[in-house]
Amino acid sequence: LARKPESDSSMGLSLVLFVRGGVTYGVRPEEVEGAGRLKDFTPVPGAPPYVVGAVQFRSRVISLIDLMVFWGLEMRGVADLPLYIVLGTRGEGGASSVARVGLMIEELEGLAEVGRQLDPYQAEPRSGVTHVGRRDNKALVILSAAALMRDPRLLPSTTVGPA
Amino acid sequence: VSDPLREVLLLFASEVSEQSAVIGESLVKLEQSTQTTERKDQLNQVARYAHTIKGNAGALGLNELEELAHAFESALAPYRSGELAVPRLLVQQLLSALDHAQAYIDATVDGDMSARPPLGPLAQALSQHVIGKTEAPAAARSKAEPLPPMPPPPPDPISNPDLPALNVPASEPVGGLQRRGDDTVRVLSARLEELDRQLDDAREVRVALENRADEARRALQLLDGPAGIRLSSVDHEFATALRERLHGLQRGLSGDVAELAARLGAAEDGLRTLRTVPVDSLVASLRRGLWEHAQSVGKRAELAVSGTDLALDRRLLEALKTSLLHLVRNALDHGIESVEGRRAAKKDPVGRLSLAVEQRGARAQITLSDDGRGIDFKAVRVHAVKRGLLNPAQAERLPDEAAMELIFEPGFSTASTVSRTSGRGVGLDVVRESVGALDGTVSVSSSMGVGTIFTLSLPLSITAAQALLVRVHRHLLAIPLNAVVFARHLPAKAPVPDTLEVEGQPLQVHSLSALLSLDGAATRTPGCPIIVLRHRDRLMAACVDQLLGERDVVVRAIPPELAKLPALAGAAALGDGKLAFLLSARALVDRTGTVVRPGKAQEWVKRRVVVCDDSITTRTLHRQVLEAAGYEVETAADGEEGFRLLKIKRADLLVSDVRMPRLDGLSLVRRMRSEPDLKALPAVLVSSLDSPEDRRRAEEAGATAFLPKGHYERGELLSIVKRLLADKRSS
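Residue numbers (this note's numbering), protein chains in the order written: chain A, 1 to 163; chain B, 1 to 731.
Errors might be hidden in some of the hints.
Said to hold, decoys possible - DSBU-like, lysine-lysine: derived pairs with alpha carbons at most 35 Å apart:
| hint | chain 1 | residue 1 | chain 2 | residue 2 |
| --- | --- | --- | --- | --- |
| 1 | B | K40 | B | K54 |
| 2 | B | K578 | A | K39 |
| 3 | B | K346 | B | K378 |
| 4 | B | K347 | B | K649 |
| 5 | B | K679 | B | K346 |
| 6 | A | K39 | B | K378 |
Stated by the list, open to error - Cβ-to-Cβ under 7 Å is the rule here; a few derived chain B residues that face chain A:
| hint | residue |
| --- | --- |
| 7 | D196 |
| 8 | P559 |
| 9 | P560 |
| 10 | E561 |
| 11 | L562 |
| 12 | L579 |
No lab work stands behind these hints: they were computed from the structure.
Each residue gets a CB set at the ideal place from its N, CA and C atoms; glycine is no exception.
Could you put the whole structure together from the sequences, leaning on the hints where they help?
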């Protein structure tokens, strides 16, 4: 998953593809930290409905989010999806400031080359969605982890340090 | 260079060494980089570090270095957008400047000012470059401009044996940081985290092995049951051989699991040690802060320390530093009197602050005491009325203990003058908040004319904690054990009461499920367990579905979207790959808790014993014995400190050594007997001297009991303490 994307512009765009709600999503490989089979997860007390639970991923606690609920398309997160994919974006503070989130998914298609012809996403706003395209005559939605992580719901609250 | 300053310089040198390495690496990458964004990122990193060095150099009065760092920053300013490539010659110049800066700092630390390379010409050369380069057209970006000549690089202290040796002893740790040439290395915390992750993976292997051993055990049970008997009747030899092999496999697996667990435990201990730093590392900056502030307020004071070799989690200590510095300045502003004032009060003109650190179970107790004027409770009450916190009648009735709590109210200050750092209404509330965020508590005791003691209690480690595990619906939840007053089952089928009397106080029994807005109905099942939690002076009670017992847990940070949830303090990794969310006792208790009224809770207050001995071993031994018997124990390393504790902490009994520095045990008891409030206080003198003459002296001084140290092992101390306190209660 962590393979570097091809830089040759004559080739297609390397993306990690996954499926949720029957739609294929693509995300840049450098924004993918890994994926896992959901054997066990911990429900989060008092969490909003889009947080299905939390898992330990490489000794870090990661929230599992259901994008359908996060985008307001469904009312409640689905806990029985078989897989999750962990997205991460590096902040300014180096490795320690990587923001990560897990997305519940139905299927992981893995790394694939898709055509570079993508259109900017212009439908009603969905955090993280930047472009749309087609692959094998099916819709392909491009997700940016960096854009997703800028959603205020995933940002830390402002805190005031000691005087 | 004075010792405290040298310690700060050592820290600075170590920090610059690390920052220089990163800057150097970035500069090299910068020179090789072709992408605008990459260049911009590298430049931002370099500029950040250079700026930090500049600020620290300025604070330490290293003006030449400050100027060089400023020129360094300015030289890179035209390139910050990443549009222009940084010329190779400039990169070389900057790298050379780094070497000079390091040599300059090293010589300063060594106190060898003549070995400091001049930095002025370098700064000037870099400044000249700035002027030339900012006006250069973009077309000229690849053409390196001639740069002013640079001074020769300083000699490398590692390869040059002629350079004076460092004055730092090789084994001297400074804030967990080590200089070059020591036989230890600095470890980046990211590496420690990586090691932690590897350990986690190994823990999962252990769990998997345990499961395999369980499978083997179940298979053996099958063979011992009817199925095994059937198999044995068909082929006895085969069944026996199978049983033996399974036995061997199960024994082998169990042995492997035990071996792995032992090795994991050792590795975990090692990692914990790597994460800790002695409190000593803070002392230099506290002394410096005290010295500087004393100069600015025109007072004199010194800081004595004891027990500061105790190591705490490095991150905890870093977070604690600001709070301790504030308390030190606060003591100077509000506690320590002026030189004239101290003379008039027949005190040493130099005020004394004492920082004592002691391990108490899985927590560290840090006390910062001063021998100043103490807190004026009358002034506190008047000020509270003035600020509208209390009406005059309430203020009149307010006990001293409650009045003391007012000083932690936001914006509360009785200081008549406002100083730069304290006495401006910002401070003690922030200290309590900051310490609370570390799962710690702050309390204060004071006695007019004698002094004030701030007591901080903190976990030894941020990552390890003891927790009570409970289940509510499908949620496995962890509650910090230090917040749990008790947890118990109601009698079977007994309905959950609306209120519960705890410490003489009726508490409303909440449903934890409802408090956390969990799915499902509020848990009030008859016979369900009830937990009672405490935070500061508040108690709360709640019912849960199931008590799962106490566990040692590894506390993990939670992602920002979960950290926003007020009831969560973190996540507890349970060692078998499972997680339980760690609840914030503070959030739960502050939201729903009932303040315990001192009057009602009086009978529950533990009897307080002051133990005074200059030997930490004896102090700890006495403390452990007395604490195990349910007493609250305060310790002091000499008679002066002990006397102050007796006055400020309103103790019930003294246990003291005879031979001690500053004020010996006999003099301490004599002084007690001359104080109206301590006149009747039981005093036990414990001594290695056991002649009739020694006993007579103790009796003459006013000791209530005399115990030779040899008798200690026979449990006599405890029985004497019990007897004397029982006598005191009945009288």
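Of the numbered hints stated previously, which ones are contradicted by the structure, given in increasing order? Structure breaks hint 6 only.
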